[in-house]
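Protein chains in written order, with my numbering: chain H, 3 to 168; chain A, 18 to 446.
In short, the hints are calculated from the structure, not lab data. Some hints could be false.
[Unchecked claim] Chain A is faced by these chain H residues, among others (derived, beta-carbon under 8 Å):
hint, residue
1, Q69
2, K99
3, N102
4, V147
[To be verified] Some residues of chain A that are not near chain H, with every Cβ distance over 10 Å (derived):
hint, residue
5, A156
6, L188
7, W224
Ideal Cβ placement from N, Cα and C applies to all residues, glycine included.
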Amino acid sequence: MRKRAVLALVLALCMTLPDAVAGEPDAPVLPPAFTLPGLDGKPHELGEWRNKVVLLNFWASWCSPCQSEIPDLVAFQNEYGKQGLQVVGIGMDNEVKLRNVHRTLEINYPVLFTNSPTDPLLSRFGNRTGVVPYTVLISRAGEVVYTHTGVITRELFEEQVLPLLR
Amino acid sequence: MWNRKASLACLFWAVALIFSPIPAAAADQVLVTIGGEAIHSRELEKVMASSPFYTQFNTMSEDEQASLRGDMLRRLVSARLLTLEAKRLGLDKTPAFLREMDDFRLGLLYRSYMDKLREGVIIPADTLAAMKQRFKGDADALDAAQSSYRSTQFRDIKLAALRRMQIDSHLQFFDTRIRPGIKPSTVLMQADGIQVTYGDIVDNAKWKNLPNPEWVREQLENRSELLLVARYAEREGADVGGQLARYGDERLPALTLEKKGKEWIPNEAAMRNWYTAYPEIGRIPASYHVGQLVVADKAEAEALRARIVKGESLFTLAGEYSIDPAGRQQNGDMGWIVEGRGMPELLKVLDRLQDDELSGVIATPSGFHLLMVLERRIGRQKPFAEVRERVQQMIVNQHLPAYMGELEKRYPVSWNLMVAPTASAAATQ
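The shape of chain H in the complex, shown without the other chains (with noise of 0.2 Å):
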């Protein structure tokens, strides 16, 4: 039992971005593996949206810039849903305050939570600071290709997200 508890660990810590990633990292990456339970109140994992492109996006009910770029990526996901992209928040927060934002946004994409704000899946993808929002970017071949710390802009989607897309 001990054996297994030391493996899992090693394994957790195995699947954690490096630093390097913030950016372009040099070399693809693998997302850590997690399941979380999402607003729908089923739990979901990233194996789900295998095949599409994923904006996973950090975020709080709490951050103003977090809020303020809710908006953006509600509109991306309407804009470029059929061609294959994903939008998946992560809330670092408070199950009801996630979802009152989730229903006065009127948020289109589903919407995982962690219920606390130190939960070190932030870290693990590559985010030591715990700086919200902070966007992860995977591939259709499930690699992290980038990431970003502060609200993804139409100008940074359509250089970063869209010619994934295409």
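We have chain H already, so just place chain A on it with the hints.
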């Protein structure tokens, strides 16, 4: 005064707002009309979105959001009433207000022109590619490099544009006229269609003698640049009418209140008299950090008191015996109790107890208490000077409801609220 009709209208309004949150994509609806002017749902949503609590607003439940939205709508109605009154009183026609509006208009035009210049700065493709190569993997550094490049380019473009404007408008400075004896009408800058006089940049009422000439020159250059750029912005079709109107809408209610404030508070003595009549405004109550044990039986309280006197801890015993669940959970630490709030029987004792002294058994309807003051903050009376602004606000607050009532009679308010069938049916009955 409340009457049945008004109550029904308000009930309808409250019910409708609570049960009919406005979806972002909903059609624009008239929520309220005030003296013939309307407040639309889109306007309310816009105000909500620009409020400082917008981030928190989104995290609230539907009921909380509806309540906040209702509160904001009431504020909008009050502001609109005060604006209408300002116009009736001619406060929108005073020279001071017109000058303020014109200055604001010039500022908007200037900013609009500069924004346009800034938007025109483009980073050449090869420069951008070099930046991206250099800062690969560091998005923040790339952002900073782009901002720095744009800022340098903007500065050069701005200087060139100003120079071109000055030549095209035949601008001439007469700054040698800045000397003692200068008159408000003395022209210090002349260009096609615009000029700046000494009186435009130096307030004669404030400066009887010529202030530092260098400062005057700086004012002259700033004013000249403002007028020149604003003129070009206008010529190029910049439209700041909407922003200007919004600014006026924000200023006029304040001007009405300022005018009424002078009637309600004619002088300093009025405020001092109010402070004397209501000294509690300056009162900082004493507060006590309290340890407490409370039990249901007097004999048990006496026995526990004896154990504490012999050396046991009130806090350990409170954690074990207190009948107050919160107190037991916190081992008798009641936090800070403020003078005037709480059970009078306990407050009376707290004032007499020394720090760390154990009280006798105190009987209240809640049980039999043992108290100990761990630390205290002494209460005091703030002098008038320290609460002057609060006194001023309190006097205004005292007069405001009656005044708003007067305005509602002058400019009838009609609540035309949301489509909520059940509430609508109730209101028509």
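The hints, checked one at a time:
no., hint, result
1, Q69, "holds (6 Å)"
2, K99, "holds (4 Å)"
3, N102, "holds (5 Å)"
4, V147, "violated (12 Å)"
5, A156, "violated (6 Å)"
6, L188, "holds (38 Å)"
7, W224, "holds (44 Å)"
In this structure, the hints that do not hold are numbers 4 and 5, in rising order.
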